[in-house]
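Novice: If you want the building blocks of each chain, they are given just below.
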Amino acid sequence: MDNMTIIAVVSIITAGLTIALGSIGPALGEGRAVSTALSSLAQQPDASATITRTLFVGLAMIESIAIYCFVVSMILIFANPFWNHVIAGATQAVGK
Amino acid sequence: MHLSPDQLIFWQHGFFKLNGTIVFTWGLMLVLAVGSKLITSKLSTELKRSRWQNLLEIVVTGIKKQIAEVGLKNPEKYIGFLGTLFLFVALAALCTIIPGYEPPTGSLSTTAALALCVFLAVPLFGIEEQGVGGYLKSYIEPTVIMLPFNLISELSRTLALAVRLFGNMMSGAMIIAILLTITPFIFPIVMTALGLLTGMVQAYIFSILAAVYIAAATRTRKPKPTLAVKT
Chain A
165 MDNMTIIAVV SIITAGLTIA LGSIGPALGE GRAVSTALSS LAQQPDASAT
215 ITRTLFVGLA MIESIAIYCF VVSMILIFAN PFWNHVIAGA TQAVGK
Chain B
1407 MHLSPDQLIF WQHGFFKLNG TIVFTWGLML VLAVGSKLIT SKLSTELKRS
1457 RWQNLLEIVV TGIKKQIAEV GLKNPEKYIG FLGTLFLFVA LAALCTIIPG
1507 YEPPTGSLST TAALALCVFL AVPLFGIEEQ GVGGYLKSYI EPTVIMLPFN
1557 LISELSRTLA LAVRLFGNMM SGAMIIAILL TITPFIFPIV MTALGLLTGM
1607 VQAYIFSILA AVYIAAATRT RKPKPTLAVK T
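Top line first, the protein sequences correspond to chains A and B. With this note's numbering applied, the first sequence covers 165 to 260. With this note's numbering applied, the second sequence covers 1407 to 1637.
For reference, chain A alone in the conformation it holds in the complex:
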């Protein structure tokens, strides 16, 4: 397998694994956060504005971890610098 093939194969597999493993943690964390928020809403319904706002801010912070993994996987597929480098090299070789 030459360089191009290795880079392509590893990029594709890593992109899939990144988003797959990277969404497990945030999903579990968000589930726990929402369940705790629901039980505290049931205990104190008149604090619901504060609880809801804090819940949304907390969910956004947990979600950002999954977003980081998504961004890495998108970069690997669409803006991969190593792939662009070997493609530029191959195009130059064909053009000569």
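Calculated directly from the structure, the hints in this document are not laboratory data. Positions of the beta carbon are idealized from the N, C-alpha and C atoms, including for glycine. One thing to keep in mind: the hints can contain errors.
As the list claims (entries may be wrong) - Between beta-carbon pairs, the in silico distance windows are:
# : chain 1 : residue 1 : chain 2 : residue 2 : range
1 : B       : Lys1423   : A       : Ser204    : 47 to 55 Å
2 : B       : Leu1603   : A       : Arg196    : 17 to 25 Å
3 : B       : Ile1558   : A       : Ser212    : 34 to 42 Å
4 : A       : Thr218    : B       : Leu1603   : 15 to 23 Å
5 : A       : Thr200    : B       : Glu1475   : 14 to 22 Å
Unchecked claim - Far from chain B, by Cβ distances over 10 Å, these chain A residues were calculated:
#  : residue
6  : Ile170
7  : Leu181
8  : Ala184
9  : Ala191
10 : Arg196
11 : Ser212
12 : Ile231
13 : Asn248
14 : Gly253
15 : Ala254
Stated by the list, open to error - Examples of chain B residues toward chain A, derived with CB under 8 Å:
#  : residue
16 : Arg1570
17 : Gly1573
18 : Asn1574
We have chain A already, so just place chain B on it with the hints.
Specialist: Coordinates of chain B only, in the frame set by chain A:
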């Protein structure tokens, strides 16, 4: 299929390019500035007021209430900055309804610029509130050993602000683009609606986090007890 509106070039002359990010940002700025100017040109305090003035009043009082709830004592000082952040990001997300439009916040340059504004605004508001010495002392707040960690946390939460907003907006646009090529038209429409929802939530999150950081920087420390002398 491009990663961000940066790659959508409208006009190019040598080094200068007008890409999608710049054009859409200027469009949003025009709408916000001209719209507000027109609506506030004839303000009325009577019972009868135009519905646009009503809308603006609801938005402004809502933002003021949120800023006060976060813990900032006089919201009037901060509503210019925080309100603008919220309105810009929210309008950028809302306009995805318009065909052919791509949110400029889907490009890392825009979100990095907004995060840098917050990064600069937090010390400025902190120094304005507590003086240079008082603000710098907050960095060694629990103990001096925490100084590098406080500095790192400043940098990392700015980075997190930028990447969070960029990732959310870019993922929305990318999912729609991918779905358009493989599924019937109903699914991209549903995903556009979901993208609207996440866009508004992310606008709220961005401004609330900025407000929380400013509140942490301007929070008055425990005042030193002074002796009250009865004369």
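Novice: Would you mind marking each hint as holding or not holding in the structure?
Specialist: Quick rundown of the hints versus the structure:
1. Lys1423(B) / Ser204(A): 47 to 55 Å: holds, 52 Å
2. Leu1603(B) / Arg196(A): 17 to 25 Å: holds, 22 Å
3. Ile1558(B) / Ser212(A): 34 to 42 Å: holds, 35 Å
4. Thr218(A) / Leu1603(B): 15 to 23 Å: Taking Cβ atoms as reference, Thr218(A) and Leu1603(B) lie about 19 Å apart, which means the hint holds.
5. Thr200(A) / Glu1475(B): 14 to 22 Å: holds, 21 Å
6. Ile170: Holds, since 24 Å exceeds 10 Å.
7. Leu181: The claim stands: Leu181(A) keeps its Cβ more than 10 Å from every Cβ of chain B (closest is about 18 Å).
8. Ala184: holds, 15 Å
9. Ala191: holds, 15 Å
10. Arg196: holds, 19 Å
11. Ser212: holds, 13 Å
12. Ile231: Contrary to the label, Ile231(A) does not stay out of reach of chain B, its closest Cβ about 3 Å off (not over 10 Å).
13. Asn248: Asn248(A) is indeed farther than 10 Å from all Cβ atoms of chain B, at 12 Å.
14. Gly253: Given a closest Cβ separation of 22 Å, the condition holds.
15. Ala254: holds, 22 Å
16. Arg1570: holds, 4 Å
17. Gly1573: holds, 3 Å
18. Asn1574: Holds, because the Cβ-Cβ distance from Asn1574(B) to chain A comes to roughly 6 Å (cut-off 8 Å).
Comparing the model with each earlier hint shows a violation of hint 12 alone; every other hint is respected.
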